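Visitor: Quick note, the sequences are listed as chains A and B, same order.
Start counting the first sequence at 1; every next residue gets the next number (my numbering).
Start counting the second sequence at 1; every next residue gets the next number (my numbering).
No lab work stands behind these hints, which were simulated from the structure alone.
All figures in this text were calculated on a predicted structure; none of them were measured in a lab.
A portion of the hints provided could be inaccurate.
No farther apart than 25 Å at their CA atoms in a straight line, the calculated lysine to any residue pairs in the SDA-like style are these [said to hold, decoys possible]:
| id | chain 1 | residue 1 | chain 2 | residue 2 |
| --- | --- | --- | --- | --- |
| 1 | B | Lys188 | A | Leu113 |
| 2 | B | Lys177 | A | Leu118 |
| 3 | B | Lys188 | A | Asp120 |
| 4 | B | Lys188 | A | Arg116 |
| 5 | A | Lys35 | A | Gly46 |
| 6 | B | Lys177 | A | Asp110 |
| 7 | B | Lys177 | A | Asn119 |
| 8 | B | Lys177 | A | Arg122 |
| 9 | B | Lys177 | A | Leu113 |
| 10 | B | Lys176 | A | Arg111 |
| 11 | B | Lys176 | A | Ala123 |
| 12 | B | Lys131 | A | Asp110 |
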Amino acid sequence: MDDDSRREQWLDEAAGPIVRPYAVTRGRTRPRGEKLDLVTILVATGRIASDRLAPEQRRLLTLCRRPCTLADLASELDLPLGVVQVLLGELHHNGLVEVRVPDLPAEQPDRRLLMRVLNDLRAL
Amino acid sequence: MTYAPYDPADGPRVALKILIAGGFGVGKTTMVGSVSEIRPLRTEEVLTDAGIGVDDINGVEAKNTTTVAMDFGRITFPDGIALYLFGTPGQQRFWFMWDELCYGAVGAVVLADTRRLTASFAAIDYFERRKTPFVVAVNCFDGGRRYGMDDIRSALDVDPDVPVILCDVRQRESAKKVLISLVEHAIKVGGP
Numbered sequence: 001m002d003d004d005s006r007r008e009q010w011l012d013e014a015a016g017p018i019v020r021p022y023a024v025t026r027g028r029t030r031p032r033g034e035k036l037d038l039v040t041i042l043v044a045t046g047r048i049a050s051d052r053l054a055p056e057q058r059r060l061l062t063l064c065r066r067p068c069t070l071a072d073l074a075s076e077l078d079l080p081l082g083v084v085q086v087l088l089g090e091l092h093h094n095g096l097v098e099v100r101v102p103d104l105p106a107e108q109p110d111r112r113l114l115m116r117v118l119n120d121l122r123a124l
Numbered sequence: 001m002t003y004a005p006y007d008p009a010d011g012p013r014v015a016l017k018i019l020i021a022g023g024f025g026v027g028k029t030t031m032v033g034s035v036s037e038i039r040p041l042r043t044e045e046v047l048t049d050a051g052i053g054v055d056d057i058n059g060v061e062a063k064n065t066t067t068v069a070m071d072f073g074r075i076t077f078p079d080g081i082a083l084y085l086f087g088t089p090g091q092q093r094f095w096f097m098w099d100e101l102c103y104g105a106v107g108a109v110v111l112a113d114t115r116r117l118t119a120s121f122a123a124i125d126y127f128e129r130r131k132t133p134f135v136v137a138v139n140c141f142d143g144g145r146r147y148g149m150d151d152i153r154s155a156l157d158v159d160p161d162v163p164v165i166l167c168d169v170r171q172r173e174s175a176k177k178v179l180i181s182l183v184e185h186a187i188k189v190g191g192p
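Based on the provided sequences and hints, a complete structural model is requested.
Guide: This is the structure:
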């Protein structure tokens, strides 16, 4: 077996990531600032990063050119949710991404929004 | 709420969550898949003593976290509202995820199976305690005995105002009806 095929064996999908999650987050285990919700919509601000970014963070910034939710981003990157929360928290803290629609302050979406969803579902 | 014309390339304008809960194998993933585009999501589970005796964790004692795959689906409506359906892992040891999922959610669908109604009790208790609006959707599997609605309702012991509906989540229309009844219920219990 040559070196290349041995390497390919390591990188098959079932093996999962070789790099541990805390390595991707540079040791951070908790997101900075407020925890982002699964359906928080994030969008890149266009500001240039002053620090070196992890490759995963660069990917997140590229994806965030179009507004995306945390759930979408985590799924797209195929990294555990907690890891993506930390990476995004850092981008958010540094002003590279912003929350597009503020988190719903109430425990429940308001009635008008629900009525709208109801009509949307009926028309589906 | 007035919206300007919406361009899908702008991404979702508002994103809302609905939880799909219920015991293992009751059809949560099937339901998410029949009404929306399904996507995988990896989460991390912290293993606690609660798993001992339930799951075979022999040989992994040194490992204190494991990755749990969870599915979610997204329906994007033409007005820019995106509805996210999260199929929640049923076992109690995943409840650390539920609080986060519940926060700000429209509500929950508790999927039940008449062969194993008890499997849905924990979810029902949870949403009752949290005052999260929910409906019980009884998935009618082939071969599952058909019970009368009254029998099911009394076996579930839910409040009279909680909708209990029969469904076949493999059918898109049926799954859609379940979601519609949940949103109607959420509007009703949400007050003015």
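Visitor: Quick check: which numbered hints come out false for this structure?
Guide: When the structure is compared with the hints, none of them turns out to be violated.
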